[in-house]
Structures are given as structure tokens and as C-alpha cells.
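One-letter residues, chain by chain:
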Amino acid sequence: MVTESVRPDIAGVRNSLTTVKDTRGTKVFRWFNYSFLTLLVVVTLYPFVNLIAMSFSSDGAIRAGRVNLWPVGFNTTTIRAVMGDPMFWINYRNTVFYTVLFTIIAMVITTCFAYVISRQHLPGRKLMIGMATFTMFFGGGLVPHFVVVGQWYGLRNTIWAVVLPGALSVFNLLVMKSFFENFPGELEEAASIDGLNTFGTFLRIVLPLSKALLATMTLFYAVTMWNAWFGSFLFLGDRNMHPVTMYLRNLIAGSLNTQEIADTADAAQVGANIQAVTMLLTVLPIMFVYPFVQKFFVSGVMLGSVKG
Amino acid sequence: MPGTGVQGGATDRDGLGRRTRGGGETTDSPFTAPTVNRKRSFKKALRRDWQLYVLALPAMVHLVLFAYVPMFGAIIAFRRFRPGGSLIGDEWVGFHFFELAFSQPQFWQAFWNTVILGGLWFVIGFPLPIILALLLNEVRARKFKRFVQTITYLPHFLSIVVVAGLVLQLTTRDGTVNQMLGWFGVDPIIFMQHAEFFRPIWIISEAWQTVGWGTILYLAALTTVDEQLYEAARIDGANRWRQTWHVTLPGIRPTIVVLMVLNIGTFMAVGFEKVLLLQNPLIYSTADVLSTYLFRIGIGASNFSLATAIGLFQSLIGLVLIVSANFVSRKLVGSSLW
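As you go down the protein sequences, you meet chains A and B in turn. Heads up, the final residue of the first sequence is numbered 309 in this note's numbering, and it's a clean run with no missing numbers. Heads up, the final residue of the second sequence is numbered 343 in this note's numbering, and it's a clean run with no missing numbers.
Careful, some of the hints might be misleading.
[Said to hold, decoys possible] Using C-beta positions, here's what the derived DEER-type ranges look like:
id : chain 1 : residue 1 : chain 2 : residue 2 : range
1  : B       : GLU104    : A       : GLY61     : 54 to 60 angstroms
2  : B       : VAL128    : A       : LYS296    : 28 to 34 angstroms
3  : B       : LYS49     : A       : ALA216    : 36 to 42 angstroms
4  : B       : GLY99     : A       : PRO292    : 54 to 60 angstroms
Treat the hints as calculated values from the structure; they're not laboratory data. This structure is a prediction, so every number in the text was calculated from the model and none was measured. Just so it is clear, CB atoms sit at the ideal spot from N, CA and C, and this is done for glycine as well.
Whole structure, please, built from the sequences with the hints as guidance.
Okay, structure coming up:
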């Protein structure tokens, strides 16, 4: 690595020399770089655009392979059919309900624990941190999880099997811990002098000062549950309890009878693009809030990277 | 880095030893220094900090119930489990189920598929965010940079089910990929019925979904590289490429190493959910990985003990990999997870 000090008298000359020499190569590189990144954006967006185009295209056009960026044979038959399916709305409502419930549980558990393990004077702190982090690297596996949660605890076919197991994300925990660790100690001293006990300090001093972090973590958990499907797949037998991701999964796996949904509409039409429509309706809320919340996510990840 | 919080974690014995030791020894930690007699101080701490312990209780209960009890439940890998019988199995059978697993050709097919898929993803997928971060770092137009970032982060927020749906949609007979092939006069291919296409499709879709999000930590690390080093390198006649090689990459090495160690640890668990959603029996020869195989025989066919043995084998490999990767990186490059 270059660390030698720079002689000011020749620095400018050599600098400008290299700049001149590099210009052509730099230009080519920059041109390539911008083109490449633009191409990457196009590639990233294409599946979404295709999804929307498929959702509003006619069955014939899709089967003829003529749908790319723009709907061909515009119609809204399928979108009306899916939205007219009571099961879709039941599952959609379940998703909303599970997301809210899960996020509340997860935030309470994670925030309290993160605050505790951020208190450096606390005896047993390292044991608690160790117990949490070990689970990042080792687990009993899928089948014991299935047996223990579903049968020992008897949570099968209850929403608790869906909203409880994931309610403590160790990654989120460590991010919150490092955030709380950076609180100035004087703050708590002042609070205790003012007569606040630990609960009081936590609720009335620490949490109000952590609003940005709490918002970020809430989003992290909410998106996780909005997108989750596997817990429901594993533990919920009743379709009336499924989240919308399971509705979609059943469509993809072909175990959902499109005829049922289609009985009010043109069956062939619905068959061709029902997956596209359901995907679109599933991701719509995320796409809608995404531009507004994206920076929170990024800051959350950065926070975790600052230092544990 | 997400992992640096692990420092002083599982391997640190201070927190464990504190209660059992009689005390008297001094530590150089400013937080424990005032407490000389540790046994008495723990009682005192309990009285003083009981509210903190109460706050920790829900999480500790959660950890025990949903992480440590299932670990204990893995005991059925060593006991014969009968449906309707005892939930921890009826009798000890030693390594019977491991031997049974290792004697199945399907197990070895799934094992090698896992290794190949994990290995391919590690070789191809790990450097991609680094390359993209380096390219983004060269962009001077801030708005364009932010635009590219916003768009490339987006797929990270999609459900695996949606991603699987998109993949299936794009690779069907009348999907975009076949349309493009049609321009070159290639006949439509039903990709998901041909085993040889599964790996590329999986790798591409995984890259599509994760590459943008993966750049965040590298971009953060890049901002901490000292500007003066670039200047010095330029004066020494280093061109852009050499600056990248000798200044930028060493500058973000700790981040690279920590993320690499984490990646190695999850090597055996390659994208279970997406593989499960994408695979079908026609392409098991490349698309069946250990997780999906054990899912099928465990949850599908209720062969709990056999599937648990396979899962335990997989977890142990993961643990060994991450511990050794961490050890090697600490010895060789001096930065590590813990």
C-alpha cells in the first residue's frame, strides 16, 4: 500500500500527467459503467413490467407469446375474477392481520431484550448474547421444529405457529443492541436522579429517543411477515387461515383449482394470467410503500454495520 | 457489518464464569472493575437490576422455546420415532438413521446438488455485490447513483413466492426467455422440465434478487477508505484499475472477510424456500438439495427420525464450516466474526 509522503513540488505535475494519460481510458470506462448500470436497471425492472403487462393481456396473446412490455388484447377479466374470489380476500385479510400481530410481538420481545443486553454492567449479559447469537449458526433443523412447535406445543392449525417462531430475529436484535449501546450513560444517570426506575427510563427516555430505529425495525419485521409463506405451509391446514402468499403458492403449485375462481368469468382467460394478477396484487402494497420506506431499511442495515 | 455484534458471543466464557467464581480477581473491563466480590455482587445486581431481567424474560423464553427446545428435539435423530408414540422417540438406535441416510443414493444426489449449488453461488454470487458496489462507487452523478440503488434494492423486498412465480412465468413455453430465443430461431424450451437448466436459472434469479441489497454494506465500507491513499497512489502513477486493486479492495477487506465467513456458514442451506417452490420431480437430478430432500421424507412422508438425522448432519456441516472459516480468516487476514 502506498503511504509515503508527497513532495508538494512535484505532486501537481505528476498528478496532472496521470490525469491526462488516464482520460481516454476513464472516458471509456465511464461510458461502459453507465451503460452497464442502466442495463442492470432495465433487467431488474423487466419482470415487474412483464407482470403488469401479463395481468391485463388476453389469453390468446399470452399463449401466442406476444406479451412483453405492454398489454396485448387489453382486458380486466382476470383481475376482476381474482378480486371477486372470496378466498383471495380472506387470505389477504389474514396476511394483514398476521403482519400486524407478528410485528407487535416481535417488536416488544426484540426491543426489550436488545435494551437489556446493551447494558454493559449487567451480570449474565454475555451469556444472554451468546445464547442468542449461537442460534444464528446452529439449529435443530426443520423436522424438530415441526414436531416441537406443531405437536409438543400443540400450535398446529393455530396462528401462533405462524407468528411466534420468527418473532426474535437475532440480526435485528444485534442492530438494536449496538444502537442502544451508543446512548450516553449520563442520560440514564440523569433519569435515575430524577427518580425514574429502569422501566421508566426505558419507556420514557430511551424509546422516545429511538423512534427512527423502532420505525426501521418495525418495517423489517412487517415486510418479513408480509412475505412469509413457509410457516403457514407447514402448520396451517385450513385454507381459510392462509395468508395471501399461500394463495399464490397454491396457484403456482397447481393445487388451486382455477376453475373455482373462474366460474363467473371466461375460464380460459382467467387460467392464462391468474398467476400474474395474483402476484401483482400481492406485491402491490410493497411496491406502493417502497419508495417511501426504502431509506429506513438502508439506514437499518448501516446501523448494524457501524460496529457491534 | 451484521456479524460484528457477535464479538464476545458464544465462545466467550466471561459471562458464564462470573457466577461460579468466588471472585477477588480483577478484570480490566471498566464495567466489572468496581465489583470485587462477584457472588455477592450478583445478588446485589439481581436486587438492583431485577427490572432488566424482567425485560429480558420474554426473549429468553422465546429463545428456549423456539431455538433450544428444537435443538433438544433433534434427539429423535438417535431414537426411533413412531407416529402416535413418544414425541422424543421410543428407543435409542444410535447412528442407525445416519447410516440409513448415507446408504440412500438419493441422499448423495441431494448432497452433491447442495454442494454444487452452494459452491456455484459462492463463486458467482459472492463477488457480484462487491463488483456492483465498486461500479456504483465510480458514479459521479448522485441522482443516477441513487436511482440505480433504489431500483436494484427492490427485488429484495419481494416474497420468495412471488420471485418463484416470476421465474416460472419468464421461463414458460410462451414466456419472455423463449420469445427472445425465438428471435434467433430457437424452438421454445420448457426450461423447468430440463434438469440442466435448473442451476443457471436458480443462480440468475438469486443474483437478480440479492445483488443490489448486497451492495449496501460494501458501499458503506467504501466511504471509509481514506482519500489520501488514492492521491498517493495516483502520484505513484497508479491508474484507476491499480487504485482499485491496491487501495479500494484492501480498504474494504474486513467487510469482505466478515461477509464471506457468514456466507460460508449458510453454504449448506442454499435458498431452501425458493428451491422448494421451483423444483419438480422431473428435475430432481439437479434441483433436489438436502433441505428439500429432508423436507420430502420428513414432513411429506413422516419419516421424522431419518429427516432429523439429515438435518442434523447439515447443521453440523454448517457449524463446522463457519467456525473453521472464521478461524482461517482470523489467522490469515486478521479480521473475523468473533
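Hint check:
Remark: the range hint 54 to 60 angstroms for GLU104 (chain B) to GLY61 (chain A) is upheld by a beta-carbon distance near 57 angstroms. Between VAL128 (chain B) and LYS296 (chain A) the CB atoms are about 32 angstroms apart, so this pair conforms to the stated range of 28 to 34 angstroms. Between LYS49 (chain B) and ALA216 (chain A), the C-beta spacing of about 37 angstroms keeps the proposed range 36 to 42 angstroms intact. A beta carbon spacing of about 57 angstroms between GLY99 (chain B) and PRO292 (chain A) agrees with the range 54 to 60 angstroms that was offered as a hint.
When the structure is compared with the earlier hints, no violation turns up for any of them.
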